[in-house]
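*Asks:* Each chain, written out:
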Amino acid sequence: MAEARAPERPGAWQAYRVVLGSRLRAQSSYRASFVLDVLGSGAITLVEFSEVYVIFHNVPVLGGLDFRAAALVYALAALSFSLGDLLTGDIDRIPVYVRSGNLDTLLVRPLPLLAQLVTGDVQLRRLGRVLVALGILAVVLPAVDVAWSPARVGLLAMTPLAGAMVFSGLFVAVGGAQFWLVEGGEFANAFTYGSSYAASFSPAVLTLPLRLLFSFVLPAAFTGYLPAIALLGLPGPPWLPAWLGWLTPVAGVLTWAAALALWRLGVRRYTGAGG
Amino acid sequence: MAGFRRYATYRVATAASAFTNTVFGLLRASITVATVGAAGGTLAGYDARTVATYAWLTQALIGPVQVFQWTELAQQVRTGAVAVDLVRPMDLQAQYLATNLGRAAYMLLPRGLPPLLVGALTFGLTLPTDVWPWAAGAVSVLLAVQISFACQFLVNLAAFWLLEIRGVMILYVVTSGVLCGLYLPVHWFPPWLSTLAAATPFPSMLQTPVDLLTGRLATPSAAVGALAVQLAWAVGMLALGRLVLAVATRRLVVQGG
Chain P
0 MAEARAPERP GAWQAYRVVL GSRLRAQSSY RASFVLDVLG SGAITLVEFS
50 EVYVIFHNVP VLGGLDFRAA ALVYALAALS FSLGDLLTGD IDRIPVYVRS
100 GNLDTLLVRP LPLLAQLVTG DVQLRRLGRV LVALGILAVV LPAVDVAWSP
150 ARVGLLAMTP LAGAMVFSGL FVAVGGAQFW LVEGGEFANA FTYGSSYAAS
200 FSPAVLTLPL RLLFSFVLPA AFTGYLPAIA LLGLPGPPWL PAWLGWLTPV
250 AGVLTWAAAL ALWRLGVRRY TGAGG
Chain G
0 MAGFRRYATY RVATAASAFT NTVFGLLRAS ITVATVGAAG GTLAGYDART
50 VATYAWLTQA LIGPVQVFQW TELAQQVRTG AVAVDLVRPM DLQAQYLATN
100 LGRAAYMLLP RGLPPLLVGA LTFGLTLPTD VWPWAAGAVS VLLAVQISFA
150 CQFLVNLAAF WLLEIRGVMI LYVVTSGVLC GLYLPVHWFP PWLSTLAAAT
200 PFPSMLQTPV DLLTGRLATP SAAVGALAVQ LAWAVGMLAL GRLVLAVATR
250 RLVVQGG
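Note that the protein sequences, when read in sequence, are chains P and G. First residue of the first sequence: 0, per numbering that gives the first Met the number 0; consecutive thereafter. First residue of the second sequence: 0, per numbering that gives the first Met the number 0; consecutive thereafter.
Calculated from the structure, these hints are not laboratory results. Take these hints with a grain of salt, some might be off.
Taking beta-carbon pairs under 10 Å as the criterion, some of the chain G residues facing chain P (in silico) [to be verified]: (1) Ala7; (2) Tyr9; (3) Ala15; (4) Thr49; (5) Gly166; (6) Val173; (7) Val223.
Think of the CB as a built atom: it goes at the ideal place given N, C-alpha and C, for glycine as much as any other residue.
Bound-form chain G, shown alone (with noise of 0.2 Å):
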């Protein structure tokens, strides 16, 4: 609740962010369909308006998901403050867990309508009828948030070992941003990127809520192995988190007293 109500405070913030969303979702959803066209009208399952689909839906949940950087604790173990974190009563891990909760249900609509409207009145959206792909589409996105704090996580526990992690976040923020699916959907990638991207937890960030939100998973055994998938890389990055940070505060030293 308290990372819903922060982030409510910040509308300017928000609004700033959804018509940022808004601007890239015409080029991508542009470029995408104009790559369609030139295909012969599909590609890869795609025709011009799942794929404009496609480009507003991933813009729409940019905001909720967090694909772009967020380097809080790198910077509470830089001045030191993590020591007051860690002395909580609360394990620090889920403490920011719980925040990040919080700002992505916060986020979901300022930041996820405002791209979808546009998409709609400018390039029509296809949007599943029933309400199987919705209900499977919310808890995708739900594990792919936790699947996305998870990995950001770790990235910001290699401050307790670099103190400024602003290249390593680089790295991370660009890696993740294609191979989740982020510029073009995974499924145009040539056959030795979609084995690395399957290789990492970054299609399970994006690719895959976006997949059960259009029906394109449209089997039901489908659906659950995707969803299986995502669990198991939600589990899996949580516990290597945990297990960093055991690593990481055994050799934190905290100047002052």
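With the rest of the complex left out, here is chain P (with noise of 0.2 Å):
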């Protein structure tokens, strides 16, 4: 199998290179319309910081951290966020497909299933939630106060990237839970977006059993608070050492191993409609 299978590798690479590019054409040729998407995915972002900006409005510090930390916080996990819904954030629709039958047409391609699914729908409206997140950063790093070192400029350039595995690897494990859930998709943004808005704020507002719940079995706080007080020098609260910022590769690479184990546990149920 091996060496029946090595001489198509490049082959498989240049089939998603491909894939890709025919998605880039394919959904920039409505012009208005993606534009009006990228507004539209852009403006999730700006609305969602409006909220910790009013929360601000009202008070000076909320759960340890105040507006300039708590906007960092923000666009971190905002950053994370967008890039791991870039890449994995329509595998949530896995019901759609087994639903239409389209699944068995993916199942029988050479390629794997988890890989089709990912280049077939990059959704490339998503940049906008990342140039406005990247935009929130850019505005946000001048105004704080980290004493700059070269190992925490490394952990500024690691966390969206160690980010973005937490979220894809969240969006990889709903994928696979929905082959037991394919008229409940809606469990689904619960862990994925529940997440998200759970890494925009401090989780020392939380209680303790949310606080755990949101660290350690949805990194969620791995993605934004963590390294943010690592890089601020700030204390966390209880159970949340600040040392723990700088682990959220590890958060990436847990996630993503439960991630595959589910999804290969989900494939591995699913049976097709026959026909």
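Assembling the complex is the task here: the two chains are given apart, and the hints tell you how they should meet.
*Replies:* So, in structure tokens, the structure goes:
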């Protein structure tokens, strides 16, 4: 098997490239709709940030963070989420493929199912969110008080990538769970969008069970809050020391390990409608 | 009635949405209660308990009022099936309005009770004990359902020009979400933002019903005034929808025969 497959490898990568290119052209060909899509997706990030703004219009400090620190938490979490969403945000649409029978078509192709879904469904409109999150980060960074060192610059660069791993892993995990919950796709949102929402604020405002849930089961705190307090040199609340902020890649790898296990179980469970 | 029965078929989907509304309720209540705590115990008339009640009531109303996207009409336009809707012996807006009322009636309990129950057990709720806030609140929720429908109907009509309305719908959902008070009470907004919100129908979709249900608008004149504003938005937006629909159908060409 291994020998037979080896020559196909370059071909497979080329297939992904071709598919990605076709997505790019297809999505940008209806220009008015595409521009509105990008604007709409960027607006989500901006509007979500308005919640942080309104809160700190009313109070100077929340959960141990002032407005600037909270904005940094938000920017890191939003960048992580939007990158993860760009990569695998449509995996939770598995029920649509299952219901329409299209999943069978994908399964008989000689490429891994997950790779096909990821490359086949990259939604370029989501770049709007990435750009706005980057913009907020660019405004916030000069305003926060960080004792910069090479290690901290590295932490800042690594966090959005590792955070994107966390969120893309969460999307794949709920995608795998969808094989059981074909009708209950909304459950997925509680874990993916719920984590994104929880990641936007200091977990110090949450009760201990919720704080542990959104830190160690759904590692939302690793995408924004923990790296931010590690950068700022702030102490964390009980159970969340600041040094955990350096471990976001570990959280990303563990999330993906769990996600792939769930995904394999889900795909193995799937039986087509036949025909 | 058809709307009620249709949505009653999808039990698992409704349970899943109620679950998600509840998870977000836990987060929203935690964040707003902490904010009130940071402000010294009260903020714009809310204490910890009343702001938690606010978070849970708004979460409970997401389903019935349909705060998130509805694109059924836009899809009918895109596929051309709207032609069939248009030749039915009933006005197009009235068809969808009736279906939506049935949907809202069905959603009220299965989408509303689970978040309220969890909210009562975890944070404690302050609900009125006399009948007037409930009566005014019920009328207000009914008007909110109509206003939300009228706005979504208008956004869907954009499909007659754009065909694909996903971007417009996302813009609508996020802006209306903030301005109706879905994330934070409108009473916490800085002046410029609350002026902006007051110029839109959005606070009438969520903030007003919850204000009435929690007895925040205690005097009869304030309550009647709030209901009158809601009624004006409901009538105005529905009329605007009819006007735009008339223009849209005039330019509609459906292929095929």
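*Asks:* Would you mind marking each hint as holding or not holding in the structure?
*Replies:* Quick rundown of the hints versus the structure:
no.: 1; hint: Ala7; result: violated, 14 Å
no.: 2; hint: Tyr9; result: holds, 7 Å
no.: 3; hint: Ala15; result: holds, 4 Å
no.: 4; hint: Thr49; result: violated, 15 Å
no.: 5; hint: Gly166; result: holds, 3 Å
no.: 6; hint: Val173; result: holds, 4 Å
no.: 7; hint: Val223; result: violated, 29 Å
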